[in-house]
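**Student:** Place chain B on chain A using the hints.
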Amino acid sequence: MRIVNVVRNRRQEAGITQEELAVQCGVSRQTIIALEKGGYGPSLGLAMRVANALAASVDDLFWLEDASS
Amino acid sequence: MRNTLLVMIVGLVVFASGLALSLRYDLEWLRVVSYVVGIFGTGVGVMVSKRQRQRSSRSDAPDSVEAVQDVNSRAAAFIDGVLSTALALAVSAVRPGIPAWSVCFILLMAMAGAYWIRRAIAQRGARDADS
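Listed in order, the protein sequences are those of chains A and B.
For the first sequence, this note's numbering gives the first residue as 1, with consecutive numbering after it.
For the second sequence, this note's numbering gives the first residue as 1001, with consecutive numbering after it.
Hints are all accurate, no fakes.
SDA-like, lysine to any residue: derived pairs with alpha carbons at most 25 Å apart:
(1) K1050/B to Q18/A
(2) K37/A to R1119/B
(3) K37/A to D66/A
(4) K1050/B to R29/A
(5) K37/A to R1055/B
Coverage of chain A stretches by chain B, computed from C-beta distances (three or more under 8 Å per stretch; other residues unrestricted):
(6) 23-33
(7) 38-48
No lab work stands behind these hints: they were computed from the structure.
For every residue, glycine included, the Cβ atom is placed at its ideal position computed from N, Cα and C.
Only chain A is shown next, with the shape it has when bound in the complex (with noise of 0.2 Å):
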């Protein structure tokens, strides 16, 4: 299982860069890029910030799929 997110689409759809969306959730564009690549499996905190800068619940913007998938 690995976590999946549309948080790239999210962002442009809400406007904003990856500085921007770093500086809101505290940490460095350099986690936004691996996050949305899905490099980087964001901690509960993090997630969570991410989904309230771009107005969105965890659910909406993270998942588990099956690896295989």
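**Tutor:** Below, chain B alone, put in the same frame as chain A:
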């Protein structure tokens, strides 16, 4: 990164100049000061420069990918350090003629190298993921 390189170059220049002057005028105290200021000062300078860079990019935040990579690399480098120390101990026991300072120096370099290699691999892994 530029500041770190600058600190390292300044440290090297101070170290080399102090060492050269101490040899030229046969000043033992200057040799010791050169070692302390050159090596210890450079280490502290690099650390301060790194902290400033981390603070400005927020990469020191606990949830940042860099902080997670740092912790994972430290944990892996700890294992490498234990294995290297065991190896150094065995080498020292088998070859007692090898100076202790050179064994310690190689050990220090091996541990620092292990950390940076693991960190670089983790960074590359995160950068290349799904791209």
